[in-house]
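Asks: In case you want the letters, here they are:
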Amino acid sequence: MKRISIIVALIAALGLLIAPQFLKSYGVYLLTYWLIFVIAIMGLNLTVGYAGQKSLGHAAFFGIGAYTAAILMKAGVSFWFSLPVAALICFGVGLILGFPALRVQTIYLAFATLGFNTAVWLVMRNEEWLTGGTFGINNIPRPELLGWSLENNRYYFYFTLAVTLLLAWLQWRLLRSPWGKAFMALRDNPIRAESLGVHIRNYTLLSFAIGAAYAGVAGVLFASLVQFIEPAPFTVGASIMMYLMVVVGGPGYFLGPVVGAAVGVLLPEWLRFAQAWYLFVFGAAVVLMMIWLPDGLLSIPDRIRARRQARAASAARARAAAAQGGQA
Amino acid sequence: MTDFLQLLISGLATGAIYGLAALGFTLLWQASGTINFAQGEFVMLPAFVMLGFMALGAPLWLGFVLAAGVSVLVLGWAFKRGVVDPLFKYGMMPIVVATIGLAITLSNGIRAGYSAEAHPFPNPFGDHVFNIAGVTITSGGVGTLLTALALVFATQAFMTRTVTGRAMQAVAQNAESATVLGINVPRMIFYAFAINALLACAAALLVTPTYLAKFDMGEGLGTKAFFAAIIGGFNNSRGALLGGLIVGVAENLAAAYVSPAYKDAVALMIFMVVILFKPQGLLGKKEERKV
Chain A
1 MKRISIIVAL
11 IAALGLLIAP
21 QFLKSYGVYL
31 LTYWLIFVIA
41 IMGLNLTVGY
51 AGQKSLGHAA
61 FFGIGAYTAA
71 ILMKAGVSFW
81 FSLPVAALIC
91 FGVGLILGFP
101 ALRVQTIYLA
111 FATLGFNTAV
121 WLVMRNEEWL
131 TGGTFGINNI
141 PRPELLGWSL
151 ENNRYYFYFT
161 LAVTLLLAWL
171 QWRLLRSPWG
181 KAFMALRDNP
191 IRAESLGVHI
201 RNYTLLSFAI
211 GAAYAGVAGV
221 LFASLVQFIE
231 PAPFTVGASI
241 MMYLMVVVGG
251 PGYFLGPVVG
261 AAVGVLLPEW
271 LRFAQAWYLF
281 VFGAAVVLMM
291 IWLPDGLLSI
301 PDRIRARRQA
311 RAASAARARA
321 AAAQGGQA
Chain B
1001 MTDFLQLLIS
1011 GLATGAIYGL
1021 AALGFTLLWQ
1031 ASGTINFAQG
1041 EFVMLPAFVM
1051 LGFMALGAPL
1061 WLGFVLAAGV
1071 SVLVLGWAFK
1081 RGVVDPLFKY
1091 GMMPIVVATI
1101 GLAITLSNGI
1111 RAGYSAEAHP
1121 FPNPFGDHVF
1131 NIAGVTITSG
1141 GVGTLLTALA
1151 LVFATQAFMT
1161 RTVTGRAMQA
1171 VAQNAESATV
1181 LGINVPRMIF
1191 YAFAINALLA
1201 CAAALLVTPT
1211 YLAKFDMGEG
1221 LGTKAFFAAI
1231 IGGFNNSRGA
1241 LLGGLIVGVA
1251 ENLAAAYVSP
1261 AYKDAVALMI
1271 FMVVILFKPQ
1281 GLLGKKEERK
1291 V
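Sequence lines, in order, name chains A and B.
Residues in the first sequence are numbered from 1 upward in steps of one, following the working numbering.
Residues in the second sequence are numbered from 1001 upward in steps of one, following the working numbering.
In isolation and in its complexed conformation, chain A is listed as follows (with noise of 0.2 Å):
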């Protein structure tokens, strides 16, 4: 990440930290549901745009997360315990998945992916006596820090900025480390990878285990922030939204899940105007937008870098020539 990526990324952080203030209950409401999101789709990001892996049954996670934390909470156990154990089951559970995925590739990836979101997700709808089937579990608590309550919707929304930015630095780390290295060697070739001496398997199983960890963290999040869950938020066609998210935000670029949690979270909420054709029109919207940028919203520097460089070289080229002909 550049500098002037550092800078802007700042000067958001700030600006989040001073938005509430100007926001009704429902603006924080959203603003943190983003944020969550951010979360979740950071894990993803590390899968799918860093590793290379292609999956497709994140939400899935997020589920396992919210679910695991809701049952535990319910059972009276402590918030700041059921975060970790939350975060410990889906990192356990990205790993079991891990293998198939070290069986099959691409777009077959995809699909067992797929399949198992909607294994987890029939779990939750029909195993009444664990997850409420589709009544669901409602009165999930928010916590405590410190003595302090984060029932009031701002406090949980630094609550949630202060999560994000911790996981942020986290993954930032990551990505800087010879595991990071490793990833995106493995997402470029895994055969190059494999004769550099990058154990394949194990990168492979990590990528999937640390992204089901980030969305697990995720989940815990949204179950405290909505206070109900049922299975509907962890279907496959949320776990395809998450997928848009990574993509259409910037596969493999640091604040990509940041732009494409927005697009995913806000850009709906924003086109409410349109009414019903609301989601007409954000589907044509995110057609357009890959046609237009494939490789995601985070692309557009690159790309206006390619093109100063390209118009920088043909005028050099231009001069050149001017120069030789001026010689002969």
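No lab work stands behind these hints: they were computed from the structure.
Just so you know, even glycine gets a beta-carbon here, dropped at the ideal spot from N, CA and C.
One should not assume that every hint holds.
With a cut-off of at most 20 Å between alpha-carbon atoms, the simulated SDA-like pairs for lysine to any residue come out as follows [unchecked claim]: (1) B/LYS1089 x A/ARG303; (2) B/LYS1278 x A/SER25; (3) B/LYS1263 x A/THR134; (4) B/LYS1214 x A/GLY237; (5) B/LYS1285 x A/ARG103; (6) B/LYS1278 x A/ILE107; (7) B/LYS1263 x A/ASN126; (8) B/LYS1089 x A/LEU297; (9) B/LYS1214 x A/TRP277; (10) B/LYS1263 x A/THR235; (11) B/LYS1278 x A/ARG103; (12) B/LYS1285 x A/LEU102; (13) B/LYS1214 x B/PRO1120; (14) B/LYS1214 x A/LEU279; (15) B/LYS1089 x A/ARG307; (16) B/LYS1285 x B/ASN1235; (17) B/LYS1089 x A/ILE291; (18) B/LYS1263 x A/LEU271; (19) B/LYS1089 x A/PRO294; (20) B/LYS1089 x A/TRP292; (21) B/LYS1278 x B/VAL1266; (22) A/LYS24 x A/GLY237; (23) B/LYS1263 x A/GLY237; (24) B/LYS1263 x A/TRP277; (25) B/LYS1263 x A/VAL123; (26) B/LYS1278 x A/TRP277; (27) B/LYS1285 x B/ALA1170; (28) B/LYS1089 x A/ASP302; (29) B/LYS1089 x A/ALA119; (30) B/LYS1089 x A/ASN189; (31) B/LYS1263 x A/GLU128; (32) B/LYS1089 x A/MET289; (33) B/LYS1263 x A/ALA232; (34) B/LYS1263 x A/LEU102; (35) B/LYS1089 x B/ASN1174; (36) B/LYS1214 x B/GLY1052.
Rough simulated footprint, nothing fancy, chain A against chain B, three-plus residues with beta-carbon under 8 Å [to be verified]: (37) 1074-1087; (38) 1226-1236; (39) 1256-1265.
With chain A's structure known, arrange chain B on it following the hints.
Replies: Same frame as chain A, now just chain B:
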């Protein structure tokens, strides 16, 4: 036993339709490496176009012919030129997301612009009921199964017996050497898109009488067709039919004998088992990895 036969036959009829939609998938995948997440919506749209022509007074067969024309134009030509061609060189991810966007656009366009209700649709084979040895068979079910089978085998025959079909297969295997051999590659790829549109239109004619025309009918259908295509083998057209029949029958039997709640899980379990033990599908070929 008669119950079992009954379930088997109705399962085969639904399965044949899954197979038709799945066949379109495999065609697009082979010809252009496109995974069309709007495949279910590609079946939904012709159903509404047919309803539209019929509302204008056209008989069913004329409505079908006109809808087939519209499908080839919109879902074949415009889809290829507008979405797939510009994105082709960027790999799989942008095409997948663009077709997801397309699916959202199509289904919500119909919902907002036309109607959110389910509309009845006439069965082209009537609804006579036959009773053979205690097994009740409807003319609609038999007609659906036979038509779907005929279409799959006709497509298969076209691909293997005609010069055009063979050229299409050559393009699917290696576009570069096909060009060297003088095959018009873009045209062959367009044929694949056109056939996909026609098959989707035929699937609409067969599936809508039972499912009713509804803006979100494509969602379930698309998923089942995916599973069917994978089970059978993503790069094999006959596999698509086999996969479709397996999914249709298994689903029907599971709903009756196991639990209707986990009906969708059965197709899924077959799919998981297949993908773990034979990732390329029952009839599929292994794909080479490129360095």
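Asks: Which constraints among the numbered hints does this structure fail? Numbers only, ascending.
Replies: Violated hints: 2, 18, 22, 24, 26, 29 and 34; rest satisfied.
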